[in-house]
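**Q** Chains as they are written, first to last, in our numbering: chain A, 1 to 337; chain B, 1 to 282; chain C, 1 to 313.
By construction, these hints were calculated from the structure, which means they are not laboratory data.
In this text, all values refer to a predicted model and were calculated from it rather than measured experimentally.
Quick reminder that beta carbons are idealized off the backbone N, C-alpha and C, glycines included.
Each hint should be verified, as a subset may be incorrect.
[What the hints assert, rightly or not] If we take Cβ atoms under 7 Å as the criterion, some of the chain C residues that face chain B in the derived model are: (1) R7; (2) D210; (3) N233.
[Claimed, not checked] Taking beta-carbon pairs under 8 Å as the criterion, some of the chain A residues facing chain C (in silico): (4) L168; (5) T174; (6) S263; (7) Y274; (8) S292; (9) G293; (10) L307; (11) T311; (12) L314; (13) F315; (14) L323.
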Amino acid sequence: MEALFTHWLTQNLLVLAGFSLIAWMLWSASHHERWRRAWLRFRSDRGGIIALVVVGIYLILGALEVLSFPTKGGGTRTVLDLFVGGVPAEKSYSAPLATRLLSEAKPDPVKATHLLGTDALGKDVFVETLKACKTALIIGGLTAAIYIPLGTLFGILAGYFRRRVDDLIQYVYTTLASIPTILLLVAIILVLGKGLGTMSFALGLTAWVGLCRLIRGETLRQAERPYITAARALGQSHWNIITRHILPNVLHLVVINFVLGFSGIVLAESVLSYLGVGTPVGTPSWGNMIDSGRSELSRDPMVWWNLVSATVALFGLVLSLNLVGDSLRRAFDPKRG
Amino acid sequence: MPETPLLEIRDLSINFATENGTVEAVKGISFTVSKGETLAVVGESGSGKSVTGLALTRLLPEPPTIYKSGEIILEGRSVLKMSPRELRNIRGNKIAYIFQEPSTSLNPVFTIRNQIAEAIKLHRPEVRDIDAEVIKYLDLVGIIDPAKRLHDYPHQLSGGMQQRVMIAMALSCQPDLLVADEPTTALDVTIQAQIMDQLRDLKKQVNMSIILITHNFGIISGIADRVAVMFRGKIVEYGDTRTVLSNPQHPYTKALIQCIPQPGQKRERLATIDHAALEATI
Amino acid sequence: MLSYVLRRLLYAVPIVLGVIAITFLLFNVLQTPQAAATLVLGPKASQQARAEWIKNRGLDKPKSEQFVKHVKNMATFNFGTSWKSGRELNEVFRTGVGPSLMITIPGFLAGLIGGVGLALYQVFVRNSLLDRSITLWAVALMSVPTVVYIIFLQAIGALMLNYFPASGFDWRGLETLKFVALPIIIMAVVNLGSDVRLYRTIFMEEITQDYVRTALAKGLSSGHVLGVHVFKNGLIALITLTVGSLPALITGSLLIENFFGIPGLGNVLVLAIGTGDQPVVMASVYLGSLLYIASLILTDICYALADPRIRLS
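From just these sequences and the hints, can you work out the full model?
**A** And the structure:
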């Protein structure tokens, strides 16, 4: 099963599917008045547009790293490798644009110019940083795939049906929320083993609570409205009311929460890496780079490029996501700008 | 020799810069209000009547509002040229407001005593016993047992009482002009009549000028001396109330008056207004 | 009001039970008694020593019996001793509260006062370049991982400039400040970014309300309207939110304490997780959930008290 999933053809198809999904969502949104109006407002927010473009760049970088093709030797190379691969690895550390390795004993000359230096294993830091986009996007995407359906579903159920259903759902999420998140994350990952999949599962399990509360609140508000009572009076089934009336009216909150939540997830990865339950050591990830950066800073001479590069990359993505989220919020509700 | 009017509007034009382009809300209107006179400004939503009312003390937020041209002259001074401090001076003091939704126009976290007292302290610092003054004005607007009501919060009062409190608050500053922006629209019909009666009484007692902004021709008789009818930002008819009501000149005025349902009338359908046709007449 | 509080407390009971159950389950899946014994006694301990250790702690009894005993202990706040250090947990918690609060309270206050001040100012100059710049800066502040703040400030403040000790903690009167200065700065910075955004949203919500127009029509200055009218209305939402986060202050920031070696409650938990010290983790989580529920109830009460519309209905 694992082999099928990591096969290059599957990965390529997944990327294709992902982008098609995005395209389809944008297409169907353009048919709804509310989304069209919000887009017009969003468009005039220059900051938001720039941030969106930046997020898009990260998305493309990540996709390029997933898209791969078989090479003559029998292995696979990713499309990103085509652009920046082929930079030979050194033995160990070297500073950005340095001509020699960092070691004190035998500062050998470097095999190629490394824009941002090399890390402990001699890998080019710039290339590693770019490759780590994929990890961040995968974690964010998988986690979202888990927490968004969960949070939206239970939020709507709780807000619409109220009484017992609401009590039960509130009980579940209050109990979950009472347990310190870090403990829950660490526990789940230790039980299920380290890996991107389990990380996303654990993060998803803790993230759905926030979205659930938000959607529950909005559903409660919507369900009070006379048009819902009118629909019931006309004999509409619960399912129809939920899918046709409530869901479209809370969807924008889901989108905003997704964008802002994504940034939180990317940040959480760095915390998990610090605690030792982050991405496995072989996978390039900003969290791991920051974690190794911790001890590297106390070396003499100080190795800072690993930490700085990962931080800047992470910061760029998180900041852009936050700005896009803010712009979206303003676009859907200009008064609360 | 005719007295200088209290308020004179000359050829006033107001625009709004919105994300969809410039909106011309008021297009070159002119009218005057003399001391003790009541002017009714009648028109539908979007006619520019509320904008006109708020413009008198520049209460409209300044982007996006643009005062394109014209003059607002209050007692000989131009409002459009006033500094922020001068504007704050005339607000409440010379020109006071009551608004359409009394439930949201009053601050929910302060008692009614505090809200009225705030106005008194600001414009009439010489008043010693503020509580007595507040009670006096609450009584003036017809609130029963005002002493007991002093420490109530707005949500504890009915809609009609809230509006009376707003009127009391406006009057407590002893303004020369009261701008009433749709004061009864949000209230029940029976309460509407009560509030209008109250305003009529006050007019006699206090000799204050009033600008009554409304879409309802029905409430202006008995209180308005003159009436200005607004349509799409312009004044299409302006004159003495009795004359305008009995002998309207402009087709829009005629159409508006026809909309008022008359008791005893035998009609199958209520009259409506053909805006498209009337656009051509302005 | 009283019946309302009692009802909420009653609802809390199944939640706390749920929390205890989940943590109990997690640990019983994570660690077999054998593994726990090995962790505590060391890999060289004999089979017999391990068996004795397990027996002493009643870990060989059936799970259901253990669970009941466990619940009883939690309910009576009988936390026992740490597996690793052998210290009484009650004492551990008591000594841990001080350092945690020393860091979280100043950080919290900085976020609150700075946040409210900046947010009100932003509303005063709303939609101007200044307003947007402050928002951008606040968002940027929030977008840096806490870990990075910690690493950088520690590197600069302690290692390079040598003003502050890199880690550690000791009660030395005024000198104690040296140890907590960096953690407090980090806490404040991390809070400030998100607080400014939050409070701005709250106050912006108020500025569009009708009563603001009435206040301006009365002749009050923008400053007065903002500082008195808008502020007092915004205070309702503000109080609700800040009171809700008070109980969490006690538990302290896990990351910051761990990194700087501050012996606060947060560090206690992190170290306990790392060493598999079950009693400590169980007790910490239990207390944490109590505090969380307390914050929820406090929030509701404050909301009811602060808003006259609710208080007097």
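**Q** All hints are to be evaluated individually against the structure, with a verdict given for each.
**A** Verification of the supplied hints:
no.	hint	in the structure
1	R7	violated (25 Å)
2	D210	holds (4 Å)
3	N233	holds (6 Å)
4	L168	violated (11 Å)
5	T174	holds (5 Å)
6	S263	holds (7 Å)
7	Y274	holds (5 Å)
8	S292	violated (11 Å)
9	G293	holds (7 Å)
10	L307	holds (7 Å)
11	T311	holds (5 Å)
12	L314	holds (6 Å)
13	F315	holds (5 Å)
14	L323	holds (6 Å)
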